[in-house]
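Trainee: One letter stands for each residue in the lines below.
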Amino acid sequence: MTQRPPVPVLEVAGIDSLILRLFEHIDEDNMPWILAASQRLRAGFGTALIDLVPSYTTLLLHYDLERIDAAQANALIAEAFSDLQPASSEGGRLHHLPTWYDRRVGPELPLLAQRSGLSEAEVIRRHSTHEYQVFALGFAPGFAFMGLVDEALATPRLSTPRKRIAPGSVGIAERQTAVYPVVSPGGWNLLGRCPTKLFDHGIEGYSLMQPGDRVRFEPIDHAEFIRLGGNDSPLEATA
Amino acid sequence: MNGNASRGLKVVRSTPFIQLQDGGRFGVRHLGVTQSGALDWISQYWANWLLGNALDAAVVEITLGNLDLLCQQDATLALAGADLGATLDGQPLAPWRSFRVRQGQQLKFAQPRQGARAYLAAPGGFDAPRILGSCASVAREELGGLHGNGAPIAADDPLRWSTEVDTQREVPGKQIPVFAPSPRLALIMGAQLGDFSGQSLFDVFNSPWKIDTRADRMGMRLLGPALHCRRTTMVSEGIPLGAVQVPPDGQPIVLLNDRQTIGGYPRLGALTPCAVARLAQCLPGETVHLRPALQASAQEAQRDLLRQWRDA
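If you read the protein sequences in the order shown, they are chains Y and X.
Position one of the first sequence corresponds to residue 1 (the numbering used here), numbered consecutively onward.
Position one of the second sequence corresponds to residue 1001 (the numbering used here), numbered consecutively onward.
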């Protein structure tokens, strides 16, 4: 745990937006600070806050310029960071994502095994035994960037992204892992599929996963995947 | 109110570039949900102002034309933004005013004569479900629009509203936006500007930038001298509206309302909302210039501009 509170570097990002740069590098120890700062900023800005987007090392803060000006925004930020305490490492929810690891829905399983020199079973074991952190949501609604993946499994994105990836697909890019919430193009290395619905504007909070949450993948077999409502249709053919 | 008699407009012909839009979706960007909303918000505001609507009420954003509508009731509607060769039963219909339609009349939009996007408003705004607080359409997110699933406006869709307006209005002449060629777009200088080479900084503000055919509601690519940034890799971070990012090929991309919420390319800064609105009226092949702007003065100008609708 980083003990000293981060001192944010404030960067002008737009007419009504600032980047708060808290850290230089991606680190699992960043999140408790980013979460704590988010909570303080939301409370301090109140209705003058339009959007607050946490990412690995930064927060993008978008305020209402009809309510406050740049100087007031800076003062509210300074206030939010005074005497900041990191959020509890138990903060955020823990999600268990059932995942069917199989070549039929995880075409890069052989590649991940080959690159790491591990068996496919060991690749699956290493992916599913680590507790990941949600660093940021982006790319698509409910798409959670999680990490950090076991170094042996770190694999660059495909050189040619797929045009269509089935919802629920679980992938690895470098030391990050994610689940595609909806049909989309994408270049991550796929190793399985999760039947859980990740984003639904009908549910409380809309997105199952939120920044700062923790995630575990739990291997399931095909029968269980189907029982949980999973769609096992081939990768690029799902309607 | 005449809710039971509202039969609205029937869509006869449309394209994927014609969508229901409002002011956009806010408070959900940390979930990966994009902002969306009308690209030329200034024209949208005027279209709604003409009918006394909330300025960000739901309008039809008509990009490039090719829209045919059948009026199924008498009503007062309003049009602002691009001149897309609109006609009502064959008679030319000028933007920047409200107008009366009769049941059975045909309202058509041909193709761009000046600008790229026209905004059609109805009394009180078009009816649509609010998804995550907004009816702005985002096809790839399956959010918003007439049916709530992000789909653009399609043939046979019903466009309805729930109130009535009798008064006719025009936008005051001196306040009508002018879509003069080669606009100078204000760019708020961002913190990463210093990471670009001196030559690149000169080029940014002194070269004409040509709008590429790769231009949509997510972003517009600008073609010109290749820009060089000392930073090559960046940790992904939140992206504000109008951000101008420079990928490794050195050709800047202006990120617009439907942009992804986070990204990792170095940025020059961000266009002001006014510059975004003006850019939204540019077609591929047109040129624009970038001019440096400071946040404080841009904020003042933006507040003054927003005041004009309250005082108009």
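These are computed hints drawn from the structure, not numbers from a lab.
The reader is advised that the hints may include incorrect statements.
Pairs of lysine to aspartate or glutamate, EDC-like flavour, derived with a Cα cap of 20 Å [unchecked claim]:
{"id": "1", "chain 1": "Y", "residue 1": "LYS163", "chain 2": "X", "residue 2": "ASP1216"}
{"id": "2", "chain 1": "Y", "residue 1": "LYS163", "chain 2": "X", "residue 2": "GLU1142"}
{"id": "3", "chain 1": "X", "residue 1": "LYS1010", "chain 2": "X", "residue 2": "ASP1157"}
Trainee: A separate judgement is required for each hint: does it hold in the structure or not?
Mentor: Evaluated hints:
For the hint pairing Y:LYS163 with X:ASP1216, the CA-to-CA distance comes to about 18 Å; that is within 20 Å, so the pair holds. For a cut-off of 20 Å, the pair hint linking Y:LYS163 to X:GLU1142 stands: about 17 Å separates their Cα positions. Between X:LYS1010 and X:ASP1157 the CA atoms are separated by roughly 6 Å; this keeps the pair inside 20 Å, and the hint holds.
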